[in-house]
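Mapping of the sequence shown onto this note's numbering: position 107 corresponds to residue 119, and the numbering continues sequentially without gaps.
If you are wondering where the hints come from, they were derived from the structure by calculation, not from laboratory data. It should be emphasised that the depicted structure is a prediction, and the values quoted were computed from it without experimental measurement. Certain hints may be false.
Said to hold, decoys possible - In the EDC-like style, the derived pairs of lysine to aspartate or glutamate whose C-alpha atoms are separated by at most 16 Å in a straight line are:
1) K123 <-> E76
2) K89 <-> E65
3) K89 <-> E58
4) K123 <-> D136
5) K89 <-> E107
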Amino acid sequence: MTDSHRIDTFRAVWNAEAERTVQVLAALPAGQYDFRPDPKGRSIGEMAWHLSEIDACLTYGIAEGRFRFEDEPPNLKRPRELALLAPGYQRIHEEALLRLADLVDADLDRKTQFFDGRTLTLRDVLWNELLHHLIHHRAQLVLLARMAGGTPPGLYGPNREAMQEIMARMKG
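Whenever a hint applies, use it, and build me the whole structure from the sequences.
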């Protein structure tokens, strides 16, 4: 059985990515909640909270056995301060974990109709619509933070500043 067939593997990867998400949220540049380089795009605060919405809405849909835009998970009101985004995401992620606590490997093959009408397995919902969606938008948030003058953490290796320090030490 491959790892994508195991719910425990998904949970471990999801939790590791949640920790990285908290690092990004905690490093958002102060005073830049409303920074929005594209007038039609999300602000830093909105994009940051969208990461919580992904965890909440998709796990709520799995738990309820349906995906409807009009369904809203509890406790999902967006904080309006940067300092509240990381702890808010942690809370939402813990609630999302609880919603999926009873899932077992066999559930991953269960089919469901997704928001857009596609029929997906729960495996596809978890890995693609939840986890990869989260990573995609977190990368956008990192870029927004950088554009707003912030210094996002290195998530899978050193960030630019840390790499410059490493290179300077190697030369010295």
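Here is what the structure says about each hint:
The straight-line distance between the Cα atoms of K123 and E76 is roughly 13 Å, inside the 16 Å bound, and the hint therefore holds. Of the pairs offered as hints, the one joining K89 and E65 holds, with about 9 Å between alpha carbons and a cut-off of 16 Å not exceeded. The hinted pair formed by K89 and E58 meets the criterion: a straight-line CA distance of about 11 Å does not exceed 16 Å. Distance hint between K123 and D136 is fulfilled; the C-alpha atoms sit about 9 Å from each other, no more than 16 Å.
About 14 Å separates the Cα atoms of K89 and E107, which keeps this hinted pair within 16 Å; it holds.
Hint violations for this structure: none, all hints satisfied.
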